[in-house]
Amino acid sequence: MDPAERTLLADALRKTLVSGAGLADLGWPDMLAEEPETVVPLLFRLLGETGRHTPALNDVLLHAAGLPLTGTPALPFGGARLVWLRDGSSYDSPLDPELPLRHARGDEPSVPLAAGRRALGWWLLGTGHAMLALARRHVLDREQFGRPLASFQALRHRLAETYVALEGAEAALTAATDDTGSLLAKAAAGRAALTAARHCQQALGGIGFTAEHELHRHVRRALVLDALLGSARELTREAGVLLVREGRTPRLVDL
Amino acid sequence: MRNSPFTGPAGLGAFRRELRDWLDEHDLSPAGDDGGLDGQVGQLARVRRALWAAGWMRYGWPAEVGGLGGPSALRAVLGEEVAARDLAEPGIWSMVEVLVPTLIDYAPPALAAELVPRLLGGEEQWCQGFSEPGSGSDLASLSTRAVPSADGEGWRVSGQKVWTSLAQYAARCVLLARTGSPGHAGISAFLVDMDSPGITVRPLRTMHGVDEFAEVFLDDVHVPAPRLLGAPGDGWRLAMDLLPHERSTCFWHRIAHLYSRLDRLLADGCEADPDALGAAWLDLHTIRCRSAATQARLAGGGRLGPETSVDKILLAGAEQRLFDTARDLLPGTVELSPHAGWRTGYLYSRAATIYGGTAEIQRNIVARRLLDLGKE
Ligand SMILES: Cc1cc2nc3c(=O)[nH]c(=O)nc-3n(C[C@H](O)[C@H](O)[C@H](O)COP(=O)(O)OP(=O)(O)OC[C@H]3O[C@@H](n4cnc5c(N)ncnc54)[C@H](O)[C@@H]3O)c2cc1C
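Protein chains in written order, with full-length UniProt numbering: chain A, 1 to 255; chain B, 1 to 376.
To be clear, the hints were calculated from the coordinates, so they are not data collected in a lab.
Keep in mind that a hint or two might mislead.
[To be verified] Have a look at the derived ranges for each label pair, beta carbon to beta carbon:
1. A:ASP254 to B:GLY69: 13 to 23 Å
2. A:ARG105 to B:ALA272: 35 to 45 Å
3. B:ARG17 to A:ASP178: 50 to 60 Å
4. A:ASP178 to B:LEU336: 37 to 47 Å
The C-beta atom is built at its ideal place from N, Cα and C for all residues, glycine as well.
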């Protein structure tokens, strides 16, 4: 796909997500089958940026496992196993009640997780950027002590820190191909989104703590998506276990 | 030694393979475990001379300065292999990556053709004289002065530089001095011979015991006219153009070095704390991915700018975390071991957030230039 086509697709995806229409209208299963390396990062990052959600994670996992795109595979979450419902209304995720997550019954298929981790990594990246955009707008608009908040170095550095973490995560996601690369990329993305949540919340002050401001929805989402298929902490530990076992640090990317 | 540049998609891989074979056959490892700087600089010169003679050191550099051409990534691969085998200390190894492109871009071509091969070939060391006692982060305030000499044949330079790495070994110095008004526009750059009358070098002791930098005093030093780099007033632009060089191939060398330290940590039987080790690896992996992308952009003809501050912040953070982890997981080693390795590495890592633009200055750049937050 050339850059112009990507932009077109991104626009179409954004419109679809914001309008609340289903991905099926855009020919999602075909796109996923033909160009997963392009459409998965695009779609999932947009989910984060727009604050919307779809059950497409199921398709990504099933497609990577070579299974038909129906049903809901089991999704490890801490010590639990969840499913991402394709429809239904009663959910088990009180922190982010919009997400149609339910405890698994036990008969759902277990599938390899790498592709799902990459997709969630892109989603977390988008969520992090959504928070950064909100905080940036706020510090530019609001004045205290007779000057914009954006002129205070303490806040500038928090937002810079956030940006750096997100950029690092994006580099790791872009380079991720194999299992280990996907594991590290999701760890980096989870960590970056949590960094964004912390710093952006602080920059937004009291308004960011209200239910009427959008921030809290992204914060909640970041926490849930981080924990899904392995949190930054769990995945970092898994990487450490691998290091101890191998006794040498794998170099996953080269020039 | 083959003479064709390793170009094309398969070039890097072929280069790496042939280089590895050559390094397997030609053992350039340091003779003793001499942590001292004399030993390091001597070893660096020895490695350079051998690699230059065999041609490896020439790839990725243009023919005008004795090179054999090919993409600059060849230099990154060479540095990576050198770092992976601990053949030379990566900091001093990488200095050519900053100085040579600067000379190619700004020196009169005849000057670059004459002098650069001496640096690349290990005959000479050079240094970079930017910082001054009164001008560190605020480099544009520097006060070393260069005035046209009375005979019109060049310049007379007076002032003081500080933290000048390798000045005590250097044959030449890329020096910034004020030729005009206060501020950025009044700064010019020169290539100064360090044996010029009027130059005094006083080495400084460093915290980590490898006394890599020095004070340089310049007292009415004559600098010939052709040693002006670029035009009068180009000094600031030269300094800014230099940063991307420092943050592409050089960073790749440093990252390779840090991977080899993490391997060493595992080999030294560290406490098997998977959280800490995983976090150290995650940081290294992240900057490695970022640096690979930066170099791909450079290879694709892109210009590097303020976004390399992201690379710098990630690298400094990764380096400090790695050595913090080593200190935690090899308890007592940094403090008590008779072998200086971990101690030196740990202490040197403290400077990673200072040299090359401090951590705070990098964050200022990200906030101003990348997040567009306006002025402080
Ligand atoms: C190992 C090593 C090697 C070096 N090699 C060389 C070399 O070869 N050539 C050379 O020219 N220089 C070299 N340097 C010097 C280096 O570039 C300077 O140390 C660096 O630019 C910082 O300047 P400074 O030390 O004067 O600290 P200062 O600029 O005085 O900074 C002190 C503290 O104040 C903070 N600070 C300053 N300004 C701001 C601001 N606007 N906002 C927020 N915080 C701020 C800094 O971040 C820092 O934490 C080297 C330094 C080291 C440590």
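Hints and how they fare:
no., hint, result
1, A:ASP254 to B:GLY69: 13 to 23 Å, "holds, 21 Å"
2, A:ARG105 to B:ALA272: 35 to 45 Å, "holds, 38 Å"
3, B:ARG17 to A:ASP178: 50 to 60 Å, "violated, 22 Å"
4, A:ASP178 to B:LEU336: 37 to 47 Å, "holds, 40 Å"
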